[in-house]
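Residues in the sequence shown are numbered consecutively from 209, following this note's numbering.
Quick caveat, the hints were computed from the structure, so don't treat them as lab data.
Positions of the beta carbon are idealized from the N, C-alpha and C atoms, including for glycine.
Any given hint could turn out to be false.
[What the hints assert, rightly or not] The calculated DSSO-like cross-link candidates involving lysine-lysine, where the alpha carbons are at most 27 Å apart (straight line), are:
(1) LYS367 / LYS304
(2) LYS220 / LYS304
(3) LYS347 / LYS365
(4) LYS367 / LYS347
(5) LYS220 / LYS347
(6) LYS220 / LYS257
(7) LYS412 / LYS365
[Unchecked claim] Just the calculated beta-carbon pair ranges, DEER-fashion:
(8) GLU230 / GLU461: 44 to 54 Å
(9) VAL336 / GLY313: 39 to 49 Å
(10) GLN315 / VAL465: 21 to 31 Å
(11) GLY451 / ARG298: 14 to 24 Å
(12) ASN314 / LYS412: 50 to 60 Å
(13) LEU405 / SER276: 44 to 54 Å
(14) THR488 / PRO245: 15 to 25 Å
(15) ASP379 / THR232: 35 to 45 Å
(16) GLU300 / ARG371: 20 to 30 Å
(17) ARG298 / ILE422: 32 to 42 Å
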Amino acid sequence: MPELPEVETVRKGLNQLTLNQEITGGDVLLNRTIAYPFSVSEFVDGIEKNAIATWHRRGKYLLAELSSPSSTSWLGVHLRMTGQLLWVHRDEPLHKHTRVRLFFGNQQELRFVDQRTFGKIWWVPPGVAVESIITGLAKLAADPFSPEFTVEYLASKLKNRRRPIKTALLDQSVVAGLGNIYADEALFKSGILPETLCIDLQLKQIELLRTAIIQVLETSIQAGGTTFSNFLSVQGVNGNYGGVAWVYNRAGEPCRVCDTPIQRIRLAGRSSHFCSECQTPGGIRRSD
């Protein structure tokens with residue numbers, strides 16, 4: 209958390225509010241938030257006088273293309289567990305967990321707030337490959353919204369794996385951007401129990417799973433993501449997907465399809481939510 213829909217919600221907000229605006233300066237309040245360069249002053253000097261051309265998303269990473277009259281560089285952000293990017297007026301009181309501030313014109317600023325301090329920010333200098341600095345990008349699987357994310361692609365990623373499908377879906381080298389919330393939701397939509405081994409999945413189940421992954425991500429993006437703890441959009445708005453979630457965080461509540469109480473188990477150290485009636489080891493869930 210945040211997962212793909214939350215990061216995509218932030219990306220859209222940033223593209224609405226920050227494009228073509230020059231970064232006039234910055235202030236790093238927690239040095240270890242800056243993953244690269246290792247010098248904080250070099251980071252601030254690098255981003256200063258660059259305008260944001262556009263924001264991209266790759267998996268759970270945010271990438272801002274920075275342009276100056278003479279070069280192009282990149283700003284990378286990973287929110288990790290509790291990171292927030294908030295677009296505020298300079299007079300807004302500082303939250304105690306503010307880690308980095310980027311200054312813009314008209315007294316506006318972009319603040320990186322991160323309670324657990326796991327989030328990271330990178331500046332990639334001109335002429336340097338982004339993947340050579342933000343090394344996690346090179347390990348990412350296909351994005352669920354990319355043309356490469358076909359049934360055949362997903363089947364190849366799951367083939368012969370003797371681990372639970374829920375665990376596999378959390379692996380960013382299998383599906384980029386998916387996390388605990390939407391893995392549970394997609395497995396419910398496709399009728400697959402989280403403990404089902406990848407090697408036991410039939411092609412029809414993988415086809416349903418691929419479709420379900422895309423559907424739940426699209427639905428959540430439309431709802432502005434999910435806020436169960438501290439996720440906020442760039443403008444400080446909660447996500448609303450939690451109110452319509454099929455199974456996630458609904459242990460003991462009735463299934464929205466069959467009224468069977470939703471169950472929760474621990475799988476590889478993570479909570480997994482499912483309906484024992486709608487999800488079966490080898491069955492196909494009935495339509496909604």
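Going through the hints against the structure:
This hinted pair does not check out: LYS367 and LYS304 have alpha carbons roughly 47 Å apart, beyond 27 Å. Only pairs whose Cα atoms come within 27 Å are accepted, and LYS220 paired with LYS304 is accepted, the gap being roughly 26 Å. Restraint check: the Cα-Cα separation between LYS347 and LYS365 comes to about 13 Å, which is no more than 27 Å; the hinted pair holds. With a CA separation close to 18 Å, the supplied pair LYS367 and LYS347 stays within the 27 Å bound.
Between LYS220 and LYS347, the direct Cα distance comes to roughly 24 Å. Compliance with the 27 Å bound is thereby established for this hinted pair. Of the supplied pair hints, the one linking LYS220 and LYS257 holds, its CA atoms being roughly 23 Å apart against a limit of 27 Å. A C-alpha spacing of about 15 Å is found between LYS412 and LYS365, which places the hinted pair at or below 27 Å, so the restraint holds. Checking the proposed 44 to 54 Å range against GLU230 and GLU461 shows it holds: the Cβ atoms sit about 49 Å from each other.
A beta carbon spacing of about 28 Å between VAL336 and GLY313 contradicts the range 39 to 49 Å that was offered as a hint. Checked against the given bound of 21 to 31 Å, the beta carbons of GLN315 and VAL465, roughly 51 Å apart, lie outside it. Against the hinted window of 14 to 24 Å, the Cβ-Cβ separation of GLY451 and ARG298 comes to about 34 Å, which falls outside the hint. At roughly 55 Å, the beta carbons of ASN314 and LYS412 sit within the given window of 50 to 60 Å.
Under the hint 44 to 54 Å, the C-beta atoms of LEU405 and SER276, about 52 Å apart, fit the expected range. Hint check: THR488 to PRO245, Cβ distance near 52 Å, so the stated range 15 to 25 Å is violated. Range check, ASP379 to THR232: Cβ separation about 40 Å, and the 35 to 45 Å hint holds. The given range of 20 to 30 Å is broken by GLU300 and ARG371, whose C-beta atoms sit roughly 46 Å from each other.
The given range of 32 to 42 Å is respected by ARG298 and ILE422, whose C-beta atoms sit roughly 40 Å from each other.
The structure shown violates the earlier hints numbered 1, 9, 10, 11, 14, 16.
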